[in-house]
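Participant: Take a look at the letters that make up each chain.
Number of protein chains: 2
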Amino acid sequence: MAKGLLIVLSGPSGVGKGTVCSALRQKMPGLTYSVSATTRLPRQGEEHGVNYFFKSKDQFLSMIENDQLLEHAEYVGNYYGTPRDFVEETLEKGQDIILEIEVQGALKVKEKFPEGIFIFLTPPSLEELKDRITGRGTETQATIDHRMSVAVDEINLLKHYDYAVVNDEIDLACKRIESIIIAEHCKVRS
Amino acid sequence: MAKGLLIVLSGPSGVGKGTVCSALRQKMPGLTYSVSATTRLPRQGEEHGVNYFFKSKDQFLSMIENDQLLEHAEYVGNYYGTPRDFVEETLEKGQDIILEIEVQGALKVKEKFPEGIFIFLTPPSLEELKDRITGRGTETQATIDHRMSVAVDEINLLKHYDYAVVNDEIDLACKRIESIIIAEHCKVRS
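For the protein sequence lines, the chains are Y and S, in the order given. Following this note's numbering, the numbering of the first sequence begins with 1 at its first residue and continues without gaps. Following this note's numbering, the numbering of the second sequence begins with 1001 at its first residue and continues without gaps.
Bear in mind the hints are in silico, worked out from the structure with no lab data behind them. Idealized CB from N, CA, C, for every residue including glycine. Be careful, since some hints might not be right.
Listing some non-contacts, in silico: residues in chain S with all C-beta distances to chain Y over 10 angstroms [said to hold, decoys possible]:
{"#": "1", "residue": "N1066"}
{"#": "2", "residue": "E1178"}
{"#": "3", "residue": "S1179"}
Result set (BS3-like, lysine-lysine): computed pairs, CA atoms no more than 25 angstroms apart in a straight line [what the hints assert, rightly or not]:
{"#": "4", "chain 1": "Y", "residue 1": "K187", "chain 2": "S", "residue 2": "K1108"}
{"#": "5", "chain 1": "S", "residue 1": "K1003", "chain 2": "S", "residue 2": "K1055"}
{"#": "6", "chain 1": "S", "residue 1": "K1093", "chain 2": "S", "residue 2": "K1187"}
{"#": "7", "chain 1": "S", "residue 1": "K1093", "chain 2": "S", "residue 2": "K1057"}
{"#": "8", "chain 1": "S", "residue 1": "K1159", "chain 2": "Y", "residue 2": "K3"}
{"#": "9", "chain 1": "S", "residue 1": "K1003", "chain 2": "Y", "residue 2": "K159"}
{"#": "10", "chain 1": "Y", "residue 1": "K187", "chain 2": "S", "residue 2": "K1003"}
{"#": "11", "chain 1": "S", "residue 1": "K1187", "chain 2": "Y", "residue 2": "K112"}
{"#": "12", "chain 1": "Y", "residue 1": "K27", "chain 2": "Y", "residue 2": "K55"}
{"#": "13", "chain 1": "S", "residue 1": "K1093", "chain 2": "S", "residue 2": "K1027"}
{"#": "14", "chain 1": "Y", "residue 1": "K3", "chain 2": "Y", "residue 2": "K175"}
{"#": "15", "chain 1": "S", "residue 1": "K1187", "chain 2": "S", "residue 2": "K1055"}
{"#": "16", "chain 1": "S", "residue 1": "K1110", "chain 2": "S", "residue 2": "K1003"}
{"#": "17", "chain 1": "S", "residue 1": "K1027", "chain 2": "Y", "residue 2": "K27"}
{"#": "18", "chain 1": "S", "residue 1": "K1112", "chain 2": "S", "residue 2": "K1027"}
{"#": "19", "chain 1": "S", "residue 1": "K1110", "chain 2": "Y", "residue 2": "K110"}
{"#": "20", "chain 1": "S", "residue 1": "K1055", "chain 2": "Y", "residue 2": "K187"}
{"#": "21", "chain 1": "Y", "residue 1": "K187", "chain 2": "S", "residue 2": "K1175"}
{"#": "22", "chain 1": "Y", "residue 1": "K187", "chain 2": "S", "residue 2": "K1017"}
{"#": "23", "chain 1": "S", "residue 1": "K1055", "chain 2": "Y", "residue 2": "K175"}
{"#": "24", "chain 1": "S", "residue 1": "K1003", "chain 2": "S", "residue 2": "K1187"}
{"#": "25", "chain 1": "Y", "residue 1": "K27", "chain 2": "S", "residue 2": "K1175"}
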């Protein structure tokens, strides 16, 4: 049995990663979603192993020390991270797993898991801008330079990814991500 | 405007390339189909530039000499080939073009057009066999060796391709090919 694929969905803040991921859940029920570990206390209705793996700070620090997290970050005084075991066990079962994560975290996952499929969700305007910048060059150099300087941070990170998916419409973005997953399963690997 | 993609659909004789291509035409009307050049005489109802580009033998030999064909072959006394101009003009317009071709021809196209997307259509049994051969290894070595020797010619060619698509059901095969095309358009190219 072939191993599953690790799909990493990332992109700039506010691009709509969460919304796209929720829509994908509906469209692709066979896809497993990575569950994060956190030191934050559970909120009403949150279940251990479903919403999060809830950990004490000591447990979390020990996971870091034993390389049991693919990435981790601190946010508002709490730790959040991606447990390696859950990802690897899912892949071993031949199931695909998707990880929704911000850009820096995704690049850390790539260091530990270069065989993952890294998808960068972009706002439509960034894509349009990129097309114009790299395209036919009918604008003045000054205009291009200014736009480049605004977009450059994100474009610099995009190059570390395998795919760029424009989030112009949620249905279209989902279809593109589904297509990437299907295509990756057809890929001839040497 | 981004250039279109050259999609090369190939696979062993009898695998159903023509049937899958016809189904794709229905599903993806925006896809252009490569028109072959031939020295064969037009049959009733066949149109120049639609079914084939009809050429005299001298014209065809001159196209070979001037590197105007991505590949060519002789079959039952007539020449057949893929005109480079038609492919390149379509790509320049930003349109994808699909070329349905036998395995040796596809590999010749790859020499001249390595940036093409090479898809190998496989019969389901080959895929199953490959999975078993490369999989968990519960069969005896003798059985594996025998099966390998039957499949080895095709598997040896498969490795030159980017994608393997199983033609188990036409609709599924079409969906996989459509997914590959969508995914390739999302690919981050360095």
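Participant: Hint by hint, note whether the structure agrees.
Facilitator: Now the hints, each set against the structure:
Against chain Y, the non-interface label of S:N1066 holds: every CB pair exceeds 10 angstroms, the least being about 30 angstroms. At roughly 7 angstroms from the closest C-beta of chain Y, the C-beta of S:E1178 falls inside 10 angstroms, breaking its exclusion from the interface. Not every C-beta of chain Y lies more than 10 angstroms from that of S:S1179, the closest at about 4 angstroms, which undercuts listing it as non-interface. Between Y:K187 and S:K1108 the CA atoms are separated by roughly 21 angstroms; this keeps the pair inside 25 angstroms, and the hint holds.
With a C-alpha separation of about 29 angstroms, the suggested pair S:K1003 and S:K1055 falls outside the 25 angstroms cut-off, and the hint is violated. As the CA atoms of S:K1093 and S:K1187 are separated by approximately 19 angstroms, the hinted pair is consistent with the 25 angstroms bound. Distance restraint check for S:K1093 and S:K1057: the Cα-Cα separation of roughly 30 angstroms exceeds the 25 angstroms cut-off, and the hinted pair is therefore not satisfied. For the proposed pair S:K1159 and Y:K3, the alpha carbon gap of about 19 angstroms is at most 25 angstroms, so the pair holds.
Straight-line distance between C-alpha atoms of S:K1003 and Y:K159 comes to about 19 angstroms, which keeps the hinted pair within the 25 angstroms bound. A distance of roughly 22 angstroms separates the Cα atoms of Y:K187 and S:K1003; the hinted pair therefore holds under the 25 angstroms criterion. Distance restraint check for S:K1187 and Y:K112: the Cα-Cα separation of roughly 22 angstroms lies within the 25 angstroms cut-off, and the hinted pair is therefore satisfied. This hinted pair does not check out: Y:K27 and Y:K55 have alpha carbons roughly 31 angstroms apart, beyond 25 angstroms.
Taking the CA atoms of S:K1093 and S:K1027, the gap is about 21 angstroms. The hint holds against a cut of 25 angstroms. Our distance criterion of 25 angstroms between C-alpha atoms is met by Y:K3 and Y:K175, whose separation comes to about 23 angstroms. The suggested pairing of S:K1187 with S:K1055 is violated, with an alpha-carbon distance near 38 angstroms, which exceeds 25 angstroms. A threshold of 25 angstroms between alpha carbons decides the hint, and for S:K1110 with S:K1003 the separation of about 18 angstroms falls inside it, so the pair holds.
This hinted pair checks out: S:K1027 and Y:K27 have alpha carbons roughly 20 angstroms apart, not beyond 25 angstroms. A C-alpha spacing of about 29 angstroms is found between S:K1112 and S:K1027, which places the hinted pair above 25 angstroms, so the restraint is violated. Taking the CA atoms of S:K1110 and Y:K110, the gap is about 31 angstroms. The hint is violated against a cut of 25 angstroms. Proximity of S:K1055 to Y:K187 is assessed by CA-CA distance (about 37 angstroms); at most 25 angstroms being required, the pair is judged violated.
Our distance criterion of 25 angstroms between C-alpha atoms is met by Y:K187 and S:K1175, whose separation comes to about 15 angstroms. A threshold of 25 angstroms between alpha carbons decides the hint, and for Y:K187 with S:K1017 the separation of about 18 angstroms falls inside it, so the pair holds. A hinted pair counts as satisfied when its Cα atoms are at most 25 angstroms apart, and S:K1055 with Y:K175 does not qualify at roughly 43 angstroms. Between S:K1003 and S:K1187, the direct Cα distance comes to roughly 13 angstroms. Compliance with the 25 angstroms bound is thereby established for this hinted pair.
This hinted pair checks out: Y:K27 and S:K1175 have alpha carbons roughly 15 angstroms apart, not beyond 25 angstroms.
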